[in-house]
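Each chain is listed here by its residues.
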Amino acid sequence: MLLHLCRWLQDNSFIVAINGTSWTAAALEIVHYFSMFILVGSMVVVDLRVLGLVGRRQDATELAGRLFPWIWISFALNFLSGFLMFAGSATSYYRNDVFYDKVVVIVLAIVTNIIVQQRVSGWNRLPAMPASAKVLAAVSIVLWIGAIVAGVEVPALIGVG
Amino acid sequence: MDSSLIHFGHWLQNRPFALAIAGSDWAYPFVQATHFTGLSLWVGTNVAVDLNLLGVGKKSAPPLQLSDTLFIWNWIGFGIAVIGGFLLFSVSAETYLSNIAFLTKLAMLIPLGLALHIVIQRKAPTWEKSSQTSSVAKFAGFTELLLWLCVVTAAVLIPYVG
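These protein sequence lines map, in sequence, to chains A and B. Oh and the first sequence: position 139 is 139 in our numbering, straight run, nothing missing. One gets our numbering by counting positions in the second sequence from 1 and adding 161 to each.
Any given hint could turn out to be false.
[Unchecked claim] Taking lysine to aspartate or glutamate pairs in the DMTMM-like style, the calculated list, with each CA pair at most 20 Å apart, reads:
id: 1; chain 1: B; residue 1: K290; chain 2: A; residue 2: E29
id: 2; chain 1: B; residue 1: K290; chain 2: A; residue 2: E62
id: 3; chain 1: A; residue 1: K134; chain 2: A; residue 2: D59
[Claimed, not checked] According to the in silico footprint, chain B covers these stretches of chain A (three or more CB under 8 Å from chain B):
id: 4; region: 62–69
id: 5; region: 81–94
id: 6; region: 126–140
[Claimed, not checked] If you anchor each label on the Cβ, the simulated ranges turn out as follows:
id: 7; chain 1: B; residue 1: V297; chain 2: A; residue 2: A128; range: 24 to 32 Å
id: 8; chain 1: A; residue 1: G122; chain 2: B; residue 2: A183; range: 47 to 55 Å
id: 9; chain 1: A; residue 1: G122; chain 2: B; residue 2: P223; range: 17 to 25 Å
id: 10; chain 1: B; residue 1: P286; chain 2: A; residue 2: A17; range: 19 to 27 Å
Calculated directly from the structure, the hints in this document are not laboratory data. These numbers come from a predicted model, not from an experiment. The beta carbon of each residue, even a glycine, is placed where N, CA and C say it ideally should be.
All chains, please: the whole structure from these sequences, using the hints.
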């Protein structure tokens, strides 16, 4: 069923064209890398602020408020470019265990993003960041680095992408 | 290509550490991941400052002193990216030194980006104080954003032109 869907995606004429032309394939990679840097970098900065390791004099709510729009825009671009590249070799990714790990790690990391975004102004009103917030921020950083590690392992171990 | 450069590449990629990374199944991807993690911090913090200078999404919010706030993590990211990048380069230095996309990235785009970045970092505290972004600040922010995008583009094109 899932494999069927993968095969159908992979044979879609638009997917074939965008992955088969070298400049569009390169453009997908460029968008994927650049948006990933902005996504992970900005989120890690918010996490580091919660941990008290970046700009303590900078208001955490304001910093998060300024960075979260970039985080979500870059996530959208990252997801879209990632999906199009996945679709181009969907059946190879289907057989790749590390790719499943990568998806799970990213879903968990996104969940930490959402929780931090919703809770940060509440934490900010307390005299100090609560321990649970700091743990969540640390987990978020570890998950995003884990997503990068899993991401480079996918082509390294299987030879796709 | 200049033969002394190729000699250097040959020498570098035969150093024990380079051979160790090349010969190990797991080391190379982990060095890659290190490079990308450093880049996330470096590019992420640069882009945050550039977009702030461009005044995108400001909407009457109080001025944000991003450049100073992010200063340390910005350079920590750069340091990690350089270490990871150097190790990746060492593994196949000879090939990289004869690749036009790599040479453009290293010899032209990165020095340009760095020079502009340092100028921005010095001026940003003044620029960021005013709620009305000056056109110079906007131009600087936009150019830096574009330059790092060019660096990523050149990096992605390395295997395409090689």
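### Contradicted hints - numbers only
Hints 1, 5, 6, 7, 10 contradicted; others consistent.
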